[in-house]
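Enquirer: Here are the chains, one letter per residue:
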Amino acid sequence: MLSRKSRVSLYLIFFLLCYLYIWLFVKPHLIYHGFGTIILDVPLFSTGCWFLKDSLAVPGGLVIYAYGFLSQLYYYSWLGSLFVVLVALCLCELSRLHYIYAGHPRSSILHYFPAIMILLIYNHYDHPLAACLTLFIGLLFSFVIERVPLHQGPIRMVVFCLMAAISYCLAGAGGVLIFSLMTTLYLLFLRRDWLSAVLTLPAAAVIIWALAEYVFHISPKEAFMVLTPFCRDLTANMRILSKVLVVMLYAFAPVTVLLICLCRIIFRRNRNNSAAHTRKTKSRKTRAVVRRRGAILAYFKKFVLPAVPVTVMAVGLYFSYDKIHRQIVLMNYLSRQGRWPEVLALGKRLPKDIYNIYCNHDINREIRTPFCSHMRKKNLL
Amino acid sequence: MRIPLKKWRALLRANKVNKIFFDVYVEDAEHGWRKFQSISNTIAEDEIDCYVVYRLMKPVYNWWKSIGIYQRNLVNYDESLVMHGRSFGEGCLNCHSFVGNDPDTMTIGLRSAVYGSSTLLAQNGTVIKIGSKWGYTAWHPSATLVVYSINKVRQFFHTGRMEVRDVVDLDSALVCYLAEDRKAVCPPQLSEKDRLETYPTWSPDGEYLYYCSGPVLWKDRDKIPPENYDKLKYDLRRVRYYARNNSWGQVETVLSTEETGLSILLPRISPDGRFLLFCMCDYGCFPVYQPSSDLYIMDLSTGRYRSLAINSKYSESWHSWSSNSRWIAFSSKRQDGLFTRTYISYIDDNGKAHKPFVLPQRDPIYYDSLLKTYSVPELVSDRVRVSKSLLGRVARNKDSIALEVPITAATPKAVQSEPWRERE
Numbered sequence: 001m002l003s004r005k006s007r008v009s010l011y012l013i014f015f016l017l018c019y020l021y022i023w024l025f026v027k028p029h030l031i032y033h034g035f036g037t038i039i040l041d042v043p044l045f046s047t048g049c050w051f052l053k054d055s056l057a058v059p060g061g062l063v064i065y066a067y068g069f070l071s072q073l074y075y076y077s078w079l080g081s082l083f084v085v086l087v088a089l090c091l092c093e094l095s096r097l098h099y100i101y102a103g104h105p106r107s108s109i110l111h112y113f114p115a116i117m118i119l120l121i122y123n124h125y126d127h128p129l130a131a132c133l134t135l136f137i138g139l140l141f142s143f144v145i146e147r148v149p150l151h152q153g154p155i156r157m158v159v160f161c162l163m164a165a166i167s168y169c170l171a172g173a174g175g176v177l178i179f180s181l182m183t184t185l186y187l188l189f190l191r192r193d194w195l196s197a198v199l200t201l202p203a204a205a206v207i208i209w210a211l212a213e214y215v216f217h218i219s220p221k222e223a224f225m226v227l228t229p230f231c232r233d234l235t236a237n238m239r240i241l242s243k244v245l246v247v248m249l250y251a252f253a254p255v256t257v258l259l260i261c262l263c264r265i266i267f268r269r270n271r272n273n274s275a276a277h278t279r280k281t282k283s284r285k286t287r288a289v290v291r292r293r294g295a296i297l298a299y300f301k302k303f304v305l306p307a308v309p310v311t312v313m314a315v316g317l318y319f320s321y322d323k324i325h326r327q328i329v330l331m332n333y334l335s336r337q338g339r340w341p342e343v344l345a346l347g348k349r350l351p352k353d354i355y356n357i358y359c360n361h362d363i364n365r366e367i368r369t370p371f372c373s374h375m376r377k378k379n380l381l
Numbered sequence: 001m002r003i004p005l006k007k008w009r010a011l012l013r014a015n016k017v018n019k020i021f022f023d024v025y026v027e028d029a030e031h032g033w034r035k036f037q038s039i040s041n042t043i044a045e046d047e048i049d050c051y052v053v054y055r056l057m058k059p060v061y062n063w064w065k066s067i068g069i070y071q072r073n074l075v076n077y078d079e080s081l082v083m084h085g086r087s088f089g090e091g092c093l094n095c096h097s098f099v100g101n102d103p104d105t106m107t108i109g110l111r112s113a114v115y116g117s118s119t120l121l122a123q124n125g126t127v128i129k130i131g132s133k134w135g136y137t138a139w140h141p142s143a144t145l146v147v148y149s150i151n152k153v154r155q156f157f158h159t160g161r162m163e164v165r166d167v168v169d170l171d172s173a174l175v176c177y178l179a180e181d182r183k184a185v186c187p188p189q190l191s192e193k194d195r196l197e198t199y200p201t202w203s204p205d206g207e208y209l210y211y212c213s214g215p216v217l218w219k220d221r222d223k224i225p226p227e228n229y230d231k232l233k234y235d236l237r238r239v240r241y242y243a244r245n246n247s248w249g250q251v252e253t254v255l256s257t258e259e260t261g262l263s264i265l266l267p268r269i270s271p272d273g274r275f276l277l278f279c280m281c282d283y284g285c286f287p288v289y290q291p292s293s294d295l296y297i298m299d300l301s302t303g304r305y306r307s308l309a310i311n312s313k314y315s316e317s318w319h320s321w322s323s324n325s326r327w328i329a330f331s332s333k334r335q336d337g338l339f340t341r342t343y344i345s346y347i348d349d350n351g352k353a354h355k356p357f358v359l360p361q362r363d364p365i366y367y368d369s370l371l372k373t374y375s376v377p378e379l380v381s382d383r384v385r386v387s388k389s390l391l392g393r394v395a396r397n398k399d400s401i402a403l404e405v406p407i408t409a410a411t412p413k414a415v416q417s418e419p420w421r422e423r424e
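Chains as they are written, first to last, in this note's numbering: chain A, 1 to 381; chain B, 1 to 424.
Please keep in mind that the hints were generated in silico from the structure rather than gathered at the bench. All of these numbers come straight from a predicted model, not from anything done at the bench. The C-beta atom is built at its ideal place from N, Cα and C for all residues, glycine as well. It is possible that part of the hints are untrue.
Computed cross-link-like contacts, DSBU-like style, restricted to lysine-lysine with a CA-CA straight-line distance of at most 35 angstroms [claimed, not checked]:
hint : chain 1 : residue 1 : chain 2 : residue 2
1    : B       : K372      : A       : K243
2    : B       : K372      : A       : K53
3    : A       : K221      : B       : K372
4    : B       : K7        : A       : K221
5    : B       : K313      : A       : K221
6    : B       : K133      : A       : K53
7    : A       : K221      : B       : K388
8    : A       : K243      : B       : K58
9    : B       : K223      : A       : K53
10   : A       : K53       : B       : K398
11   : A       : K53       : B       : K388
12   : B       : K398      : A       : K221
13   : B       : K133      : B       : K388
14   : A       : K53       : B       : K7
15   : B       : K388      : B       : K352
16   : B       : K313      : B       : K223
17   : B       : K231      : B       : K6
18   : B       : K355      : A       : K53
19   : B       : K398      : B       : K388
20   : A       : K221      : B       : K6
21   : B       : K219      : B       : K231
22   : B       : K355      : B       : K313
23   : B       : K219      : B       : K6
24   : B       : K193      : A       : K53
25   : B       : K58       : B       : K223
So, partial list: chain A residues that the calculated Cβ filter (under 7 angstroms) puts toward chain B [to be verified]:
hint : residue
26   : T47
27   : G48
28   : N237
Taking the hints into account, I'd like the entire structure generated from these sequences.
Expert: Laid out in structure tokens, this is it:
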């Protein structure tokens, strides 16, 4: 729908705004300093081969390892923001490629929605990086298998099984879920390979079970949960809105592709019928109406459509913004820095009915501990 | 620099009892070449057992995750998993024990929020699940009888000291499991009302059971920490076992705290029956949390004991003997005071321990970044062959052999407690 130039301009504007918002307002270093306390997530990382070996011994090990490493980048807000935007951009572009492949040839704004969801989760000071990486691997694998020139069903199935096994090792059941769902949809709607489509999901389930039983030695129940949105480790520490957004993030690409494919089928039928009909009956008056409609559509495409992602993002950020939670996160950070007067000032601004154990602890440290006061008087803190 | 394994082994074989020297030189821009002090080691005459089985876990404070029992081939650097907590819902794996140094019979205690507390008994390739958790376990040499402890162990924290974690056994007793009859009995000698019995170990001939026993110094058996917890010291005792009629004799005190002034824990007797190796620390039942814990050796023929020269200022604990009684593997925190590592030392004919060395790794700086502790190193003569898939499946199985423990009012019931209060 949008020209290449407009698309690039929109990308630039959208992601520049995202970057500025995360860097200057969300401030990823607040998330970093809140790991393990205010933000219950604890992305551990250590150099050395034992940590890598340990990480790779579980399904989704590579994602967990990368998640641990990349979370350390949040220490510097500018770097953390850059990375968050990069992840969002990758997901955005990968989604666009999928939508084009599914038959939405000039996808213009749909692919921005995963990026918006990621931004909203960060706006809540939750940390969806593991989910993003999982999703990325799932989408990437499904795109790769569609691009591999394999025409025969059985060979395609073998390649799928191999890739599903690799995907499970790298991104757990979450990665396999996205990969197999997308592959099933393409087999069903684009390739019309019904048998392979029916076999894809059961094959993925068997692969997960076998790897869990003989490679990773984990219980089957757990094996099917690793890095899915229902996995405790992935979302248990998030707030409700973020949990919902993570589920939506996982579901968005498969659901969109499904809708695109369905729309293609429905509109193709209608177009065939109406084309035959209009060829015979189109009058001069009707042609004028069509032209007027075309002009409105062109205006809509040129000026309204590009504004939609930015507008949706702005509205979403406005409504999902939680001032109190931000104050709590900020207070935690200030106490880590030993900036006690600011902790106290922030504490005074908190509403009376707010109870947060970490804030209470920070304030107590300030007002009750003679040691802190003594150090402050001596300018040692 | 890496010495090829084959050449290294050939060198050791050809030079038994001889000394081996290492000269290390370094060069830097400022000082040029410099030589470190020469390292001199003696090549031992006796072989060590091929494998060591240990538990690898992060230091536990409030919660555990990712606990696994691993085995390490001492001939090379191969490490393989015996069982991992993730195979039964990130459960906790407790102490593993073998019949002597034979890996074919093994027990592992399990604790899981999902699958409950139980014990896995692996014997010659088959695994059964026993529906009660065994604490410190000692197999009779005949493999027909197991003595295990049941402990009401609770963890608590000190405000400030080198090791802030501490553990107390609010109540404990010893129970015998008869493997053939699949039933448990509780001899009164091993479950005295006013005493805490723990850490059982058998003499190699199977005639005596050695264990630690301390008085109960508190009335409230639920209070944490209890009063006088830091005054609790354990004696070393033994009791005669008559295998013919499955009966027990009178309890004897082998070494008392009155004599040592310290708490005596973790007795382990060498397979040749000559020496008894044990820990002593200032107080309590858990030497790994006591920096004062040191290793001592007792000559069982004379009853004389002495501290080993290999002790450090940090905690030494969890020791085991090789099958030829010439080597010990033990846990020590000497590297940094926090993480326990497995050390190996040679014990000569006179019971003298020689220069200990940390369990070698392919990467010499491996331990510098390792945020895990090695606990309960057990030397075994061969690799544990039971499959980890089978162990995991049995652990997840709902069916288990019900074990009625005939406990008296004095002994603790095996109840589920808040996990963070329990010890690592």
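Enquirer: Indicate, hint by hint, whether the structure satisfies it.
Expert: We went through each hint and held it up to the structure:
no.: 1; hint: K372(B) to K243(A); in the structure: holds, 32 angstroms
no.: 2; hint: K372(B) to K53(A); in the structure: holds, 13 angstroms
no.: 3; hint: K221(A) to K372(B); in the structure: holds, 27 angstroms
no.: 4; hint: K7(B) to K221(A); in the structure: violated, 48 angstroms
no.: 5; hint: K313(B) to K221(A); in the structure: violated, 46 angstroms
no.: 6; hint: K133(B) to K53(A); in the structure: holds, 31 angstroms
no.: 7; hint: K221(A) to K388(B); in the structure: holds, 17 angstroms
no.: 8; hint: K243(A) to K58(B); in the structure: holds, 29 angstroms
no.: 9; hint: K223(B) to K53(A); in the structure: violated, 42 angstroms
no.: 10; hint: K53(A) to K398(B); in the structure: holds, 31 angstroms
no.: 11; hint: K53(A) to K388(B); in the structure: holds, 18 angstroms
no.: 12; hint: K398(B) to K221(A); in the structure: holds, 14 angstroms
no.: 13; hint: K133(B) to K388(B); in the structure: holds, 19 angstroms
no.: 14; hint: K53(A) to K7(B); in the structure: holds, 28 angstroms
no.: 15; hint: K388(B) to K352(B); in the structure: violated, 38 angstroms
no.: 16; hint: K313(B) to K223(B); in the structure: holds, 31 angstroms
no.: 17; hint: K231(B) to K6(B); in the structure: violated, 53 angstroms
no.: 18; hint: K355(B) to K53(A); in the structure: holds, 31 angstroms
no.: 19; hint: K398(B) to K388(B); in the structure: holds, 18 angstroms
no.: 20; hint: K221(A) to K6(B); in the structure: violated, 45 angstroms
no.: 21; hint: K219(B) to K231(B); in the structure: holds, 14 angstroms
no.: 22; hint: K355(B) to K313(B); in the structure: holds, 16 angstroms
no.: 23; hint: K219(B) to K6(B); in the structure: violated, 61 angstroms
no.: 24; hint: K193(B) to K53(A); in the structure: violated, 48 angstroms
no.: 25; hint: K58(B) to K223(B); in the structure: holds, 27 angstroms
no.: 26; hint: T47; in the structure: holds, 6 angstroms
no.: 27; hint: G48; in the structure: holds, 3 angstroms
no.: 28; hint: N237; in the structure: violated, 14 angstroms
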